[in-house]
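Protein chains in written order, with numbering that gives the first Met the number 0: chain X, 0 to 354; chain D, 0 to 354; chain F, 0 to 354; chain C, 0 to 354.
Hints are supplied without guarantee of correctness; some may be wrong.
Remember, identical chains collapse to one label, so a pair may be satisfied in a single copy or spanning two.
PhoX-like, lysine-lysine: derived pairs with alpha carbons at most 25 Å apart [unchecked claim]: (1) K98 with K74; (2) K48 with K196; (3) K98 with K182; (4) K87 with K74; (5) K182 with K48; (6) K98 with K48; (7) K74 with K190; (8) K182 with K162; (9) K182 with K74; (10) K7 with K87; (11) K74 with K112; (12) K196 with K7; (13) K87 with K173; (14) K173 with K190; (15) K162 with K48; (16) K196 with K162.
What the hints contain is simulated information worked out from the structure, not anything from laboratory work.
On a predicted model such as this, the values are computed, not experimentally measured, just so you know.
Protein chains: 4
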Amino acid sequence: MAGSTFGKVFRVTTWGESHGTAVGATVDGCPPGIELSEDIIQADLDRRKPGTGGAASPRKEPDQVEILSGVFEGKTTGTPISLIIYNKDAHSKSYTHLKDIFRPGHGDITYLKKYGTRDHRGGGRASARETAARVAAGAVARTILATEGVEVLAYTLALGGIKAAQFDPEAIGKNRLFCPDLKAAGEMENKIAATKKQGDTLGGVVEVRTTGCPAGLGEPVFDKLDAEIAKALMSIGAVKGVEIGSGFEASEMLGSQNNDSLTPDGFSSNNSGGILAGISNGDQIIARAAVKPIPSIGQEQNTINVAGEPVSITIGGRHDISAIPRIIPVCEAMICLVLADHLLRQRVNFSSAER
Amino acid sequence: MAGSTFGKVFRVTTWGESHGTAVGATVDGCPPGIELSEDIIQADLDRRKPGTGGAASPRKEPDQVEILSGVFEGKTTGTPISLIIYNKDAHSKSYTHLKDIFRPGHGDITYLKKYGTRDHRGGGRASARETAARVAAGAVARTILATEGVEVLAYTLALGGIKAAQFDPEAIGKNRLFCPDLKAAGEMENKIAATKKQGDTLGGVVEVRTTGCPAGLGEPVFDKLDAEIAKALMSIGAVKGVEIGSGFEASEMLGSQNNDSLTPDGFSSNNSGGILAGISNGDQIIARAAVKPIPSIGQEQNTINVAGEPVSITIGGRHDISAIPRIIPVCEAMICLVLADHLLRQRVNFSSAER
Amino acid sequence: MAGSTFGKVFRVTTWGESHGTAVGATVDGCPPGIELSEDIIQADLDRRKPGTGGAASPRKEPDQVEILSGVFEGKTTGTPISLIIYNKDAHSKSYTHLKDIFRPGHGDITYLKKYGTRDHRGGGRASARETAARVAAGAVARTILATEGVEVLAYTLALGGIKAAQFDPEAIGKNRLFCPDLKAAGEMENKIAATKKQGDTLGGVVEVRTTGCPAGLGEPVFDKLDAEIAKALMSIGAVKGVEIGSGFEASEMLGSQNNDSLTPDGFSSNNSGGILAGISNGDQIIARAAVKPIPSIGQEQNTINVAGEPVSITIGGRHDISAIPRIIPVCEAMICLVLADHLLRQRVNFSSAER
Amino acid sequence: MAGSTFGKVFRVTTWGESHGTAVGATVDGCPPGIELSEDIIQADLDRRKPGTGGAASPRKEPDQVEILSGVFEGKTTGTPISLIIYNKDAHSKSYTHLKDIFRPGHGDITYLKKYGTRDHRGGGRASARETAARVAAGAVARTILATEGVEVLAYTLALGGIKAAQFDPEAIGKNRLFCPDLKAAGEMENKIAATKKQGDTLGGVVEVRTTGCPAGLGEPVFDKLDAEIAKALMSIGAVKGVEIGSGFEASEMLGSQNNDSLTPDGFSSNNSGGILAGISNGDQIIARAAVKPIPSIGQEQNTINVAGEPVSITIGGRHDISAIPRIIPVCEAMICLVLADHLLRQRVNFSSAER
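Model the full assembly from the supplied sequences, consistent with the hints where possible.
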């Protein structure tokens with residue numbers, strides 16, 4: 000049973016491959032009466048657009064979203080919203096030399112094992128290209144959240160081992176890496192430049208901070224809000240770890256340190272990351288994703304071909320040095336999808352009279 | 000929309016509160032012809048039984064599972080398997096003094112915010128008691144996995160900041176903490192004893208290792224195998240972080256370090272944790288869960304009551320010092336649920352003739 | 000992928016076989032704060048209880064429901080409600096002579112083909128016994144509907160070719176067959192008595208009438224309210240046809256006859272059966288189910304055994320002459336499940352502020 | 000929770016309104032390696048194309064399907080198949096005079112009640128236009144079924160009260176109404192012509208016959224094969240009733256008449272319609288749908304406007320006299336979706352080794 004749908008009440012189904020005709024998403028379950036336009040969605044997509052600098056690939060990718068259904072006279076109708084982004088820069092020929100080779104760190108071998116067949120054109124469905132559809136759908140989710148005062152913001156906490164030492168929200172918009180510490184951002188850029196020369200790549204850590212989320216979102220047991228967030232972030236190709244609040248650090252803390260005291264003015268700390276027993280507590284929701292270095296490196300690598308024979312491979316072309324910063328809006332989108340879904344799910348618990 | 004069901008093809012629905020009549024699980028989607036008995040399930044439940052030593056609570060909890068349906072003459076029939084574990088040791092009276100107080104680190108306040116009502120008897124649905132049903136259902140999943148040679152093993156990687164320095168599978172069964180390093184296990188016991196005296200609690204890290212998993216499990220995009228594992232582990236109450244393979248460490252590695260080379264004899268390393276592009280690659284699947292310290296500590300804490308007034312609270316009774324080791328079989332169960340589901344999901348890709 | 004769960008927001012999972020330990024249902028997604036007790040559920044179950052007269056089997060079946068979870072101090076908590084009905088009258092031995100024979104009209108052969116194995120004890124999961132769990136779960140749905148003024152009533156429209164000539168709601172409670180026409184009910188009883196002497200069985204038609212249903216329930220396209228009702232009723236073992244409003248008669252009407260005119264006081268007729276374009280229009284919802292005669296007849300029948308050899312079979316024991324009236328509360332329950340689910344599903348379309 | 004997705008393993012999500020940019024469907028869960036092309040899908044769509052004769056509207060509607068993803072080198076890849084059909088003939092202006100009026104028999108009023116808003120352009124999502132996407136997705140399902148020898152054929156059993164007196168499969172392709180009785184087809188055409196003159200419309204009955212379906216498809220309890228078929232057919236806008244096998248007639252038969260005897264050569268009759276206890280028995284699957292007359296009639300009708308005031312309405316334009324024959328391929332498509340889904344669902348019950 001395939002897995003291209005996310006969410007239960009606010010449901011997003013994505014489709015499309017990196018070098019096919021288009022990628023897209025269908026949003027089923029968006030409430031009626033929400034203001035929506037291509038411009039609103041485009042704004043999020045543009046943040047995903049590669050820059051001209053070192054970390055991002057210079058490959059042109061002018062993602063233009065079109066709304067094909069579900070919006071009438073500037074508002075959602077309650078019926079499915081179909082979003083499409085045509086692939087304008089597809090050069091499937093450039094991948095033919097990789098047709099019979101498994102690239103290390105990529106899904107080439109696992110897709111072949113899974114399906115008995117392989118779409119070798121640039122990763123196919125496994126390509127980061129697919130995340131453009133997530134960002135478009137996430138923008139729809141964000142408009143719903145905005146109507147209830149919920150804001151989701153992602154930024155770079157670390158890149159190549161260099162960590163942001165402070166959280167200055169103003170700084171985020173002032174550097175290409177969406178880092179909340181301008182000094183650290185500068186060091187990260189230097190690291191990127193040096194790594195590029197070596198033909199190597201870098202990973203990092205993205206943090207997503209949600210403010211204004213009402214208490215009560217998330218469902219007991221399996222669909223806990225943190226469990227859904229973990230799935231959402233880990234479903235992004237490059238992510239290898241997810242934390243909520245104090246996260247892995249909590250494993251070394253004492254209970255007396257990790258517990259957040261309740262006071263008449265709110266929680267005295269936020270080690271819980273805004274989630275207690277899987278349900279939002281009204282505090283900021285803090286999630287982090289560990290991003291692995293991009294597997295397409297410029298150096299020669301050892302691998303095998305489909306016949307199982309050892310070969311060496313050098314992946315040419317102009318690739319990104321790090322999934323950061325392009326992964327930033329994707330992380331935001333995934334959190335928006337989770338929260339919009341649970342905001343709507345919580346509505347079923349009470350009739351209008353009871354609220 | 001509630002969240003008490005896990006899995007899509009192998010579907011488990013759990014129910015029950017800590018101090019209600021019983022807890023249980025219904026497994027829908029178990030294939031026919033699998034050998035199953037109460038003894039097989041009981042073996043997993045017994046591993047969850049509290050010991051007499053320091054880390055675990057001395058409260059008696061003799062979980063006896065009954066199979067109410069879906070098994071005939073020692074084999075599954077293909078119809079739902081209903082499992083029930085009666086609560087024999089429910090003392091709801093002992094919680095009445097907490098009726099109007101929000102315990103720090105617990106879901107007391109979030110359940111009230113969510114439902115407008117509260118079952119104050121020992122955590123209700125948020126209690127770790129609920130995980131007994133998961134372990135029972137996980138045992139069913141394990142029998143399916145066993146028929147295809149898949150084995151899932153969880154153990155303690157760290158407790159209270161003390162880390163296992165080696166992985167000796169023989170050691171796991173020889174200490175109460177399921178630690179693969181007997182020397183570290185001893186140090187952990189000392190730490191537990193010292194922490195108990197302080198009325199405090201400890202967290203840790205659990206690692207789950209799966210061997211024999213065929214390549215090809217997991218679905219592209221949202222239902223990636225690692226995304227499902229992340230949700231599965233994070234849905235356990237005490238877990239605040241999840242990693243796959245090199246995990247958070249990957250965020251500081253170079254691409255040339257983190258990539259696992261393919262050779263005719265398999266992968267040369269396993270930074271991927273056995274999962275590439277969300278699909279199992281045939282190698283060992285390595286997942287880790289960060290476990291927070293138990294929030295019920297023996298020390299006095301500041302909190303508020305339902306009227307929002309500041310109060311202090313001291314939680315009496317005999318509580319565990321750490322969710323480890325009792326969380327170990329729960330982690331195993333959740334991984335079993337994910338893998339059994341995806342093993343069955345992968346079957347739909349091919350007709351019997353094509354395999 | 001198994002099919003023991005019904006509903007998307009109000010979700011019911013049933014389990015249990017006719018001659019196993021028990022049957023039961025887990026309701027996940029019931030809102031909190033609904034008054035619920037075993038007595039409320041028992042009232043619906045008692046309507047399903049076999050009488051002493053001709054149509055129903057004299058086999059004792061004192062279905063006593065127990066609520067195992069999800070209710071605290073007389074109200075639902077929002078967490079799963081587990082319902083169990085122990086099988087007190089299971090004589091699996093009495094079916095051993097049928098072990099290797101396929102009974103005509105029963106699922107013996109199809110279950111074997113499906114699962115490669117067979118639980119021969121009285122039909123197993125295919126038995127009408129399973130519907131006790133539906134009735135119990137339906138009673139929970141009914142309490143939700145009642146809070147919003149929705150009432151569901153089923154009755155016998157025809158039995159053995161004899162049709163009710165009038166709809167007198169008072170009459171329904173005054174005869175064992177739940178027929179709204181006492182004169183027709185008398186004729187039906189005579190037909191039952193005569194058929195019983197012949198060792199044969201009868202079918203009939205059940206109508207379900209819902210009053211007080213708000214407009215706006217049902218979802219465009221696949222989850223239309225009438226589509227969900229059709230599935231709900233057809234999922235009852237004995238049902239072979241379903242109609243809404245003018246139903247099959249509509250196929251012979253002109254558009255000018257079948258259209259219901261709108262007036263300031265409501266619709267001038269109800270050929271639509273209360274559903275337009277798959278969404279409730281505020282009028283009464285009228286659904287009908289065609290019930291086939293019970294396949295277990297007293298006469299000798301030709302069939303085959305598992306080896307494919309022709310054999311003759313005479314099914315002994317005391318069986319019902321018709322699925323009516325015991326199917327009546329089952330039909331009600333299924334409509335309650337559909338409507339409660341869609342009542343809750345409609346809540347997600349508006350925030351509390353918008354209503 | 001919206002309802003634009005059908006199926007559990009073979010999952011189809013449709014989107015699009017009658018007078019929007021396009022309609023489309025995303026198929027998730029199609030196995031890899033199935034031969035698929037736009038030509039294969041177009042063949043089914045062309046059967047839905049309006050003819051020039053009396054029953055169908057002369058409005059041009061050249062539905063051209065495009066495959067946007069999921070197919071590589073002529074075969075499915077296992078990833079989502081996105082299908083799009085642009086609306087070339089959308090005249091939304093022609094509906095502006097209906098903007099504030101509720102057309103009898105249409106969903107105008109129920110959509111407004113549901114969403115608080117209305118897309119008045121020709122029915123929006125409730126339009127039969129939406130079924131083009133179903134037919135396209137159904138064509139994908141049909142290719143899967145074909146690989147296992149399953150064939151689905153729909154035809155006109157009755158139209159305007161005139162019934163086919165015989166089943167001549169050769170005849171179906173020889174008349175515009177897909178009627179298996181050429182003499183009846185002629186009478187139906189006369190009835191259509193006469194009704195057209197009166198400005199009225201007609202209903203009818205469609206029968207769908209499936210051959211080659213293996214035994215064992217369908218799931219016990221709620222997802223019975225007949226329950227799924229009932230939902231599938233009733234989800235088509237014009238359908239008001241569904242029957243399987245002997246259907247409503249069974250309600251008047253004796254058990255001894257309705258039971259199909261088993262013989263070494265198969266069943267002696269097919270009153271079950273190929274489904275026993277909700278599971279296919281290997282015989283032909285026979286389903287019928289009652290189709291109501293098209294509500295858009297040429298005569299003046301009484302209705303109300305959005306202010307609740309009585310008004311009269313005459314719906315101009317060239318509309319179809321009957322949903323038959325254009326509904327025929329839609330019925331086929333829905334049965335194909337059900338069967339493909341259950342064919343794949345049944346695969347999970349056995350590993351390749353067991354088959």
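Item to check | Homo-oligomer pair classification [K87, K7; C-alpha up to 25 Å] | outcome: neither (32 Å within a copy, 33 Å between copies)
Checklist entry - Checking K48 and K196: alpha-carbon separation at most 25 Å within a copy, between copies, both or neither? => result Within one copy only: 23 Å inside a chain, 56 Å across chains, cut-off 25 Å.
Checklist entry - Taking 25 Å as the upper bound on the Cα-Cα distance, should K182 and K162 be classified as within, between, both, or neither? => result within (10 Å within a copy, 34 Å between copies)
Checklist entry - When no copy is specified for K196 and K162, does a C-alpha distance of 25 Å or less occur within a copy, between copies, both, or neither? => result Within one copy only: 22 Å inside, 37 Å across.
Item to check | Same-copy or cross-copy closeness of K173 to K190 [CA-CA at most 25 Å] | outcome: For K173 and K190, the Cα distance is within 25 Å only inside one copy (19 Å; across copies 47 Å).
Item to check | K98 and K48: within-copy, between-copy, both or neither at 25 Å Cα | outcome: This pair counts as neither: shortest intra-copy Cα distance 28 Å, inter-copy 41 Å.
Checklist entry - What label fits K74 with K112 when the C-alpha limit is 25 Å: within, between, both, or neither? => result between (44 Å within a copy, 17 Å between copies)
Next on the checklist: As a check of your reading, is K87 near K74 (CA-CA no more than 25 Å) within one copy, between copies, both or neither?
Outcome noted: between (28 Å within a copy, 23 Å between copies)
Item to check | K162 and K48: within-copy, between-copy, both or neither at 25 Å Cα | outcome: within (24 Å within a copy, 42 Å between copies)
Item to check | Identical-chain pair category, K98 with K74, by Cα at 25 Å | outcome: between (45 Å within a copy, 17 Å between copies)
Item to check | Within, between, both or neither, where K87 and K173 count as close if Cα-Cα is 25 Å or less | outcome: Neither: 29 Å inside a copy, 46 Å across copies.
Next on the checklist: If the cut is 25 Å between Cα atoms, do K98 and K182 qualify within a copy, between copies, both or neither?
Outcome noted: This pair counts as neither: shortest intra-copy Cα distance 43 Å, inter-copy 50 Å.
Violated hints for the displayed structure, listed by number in ascending order: 3, 6, 7, 9, 10, 12 and 13.
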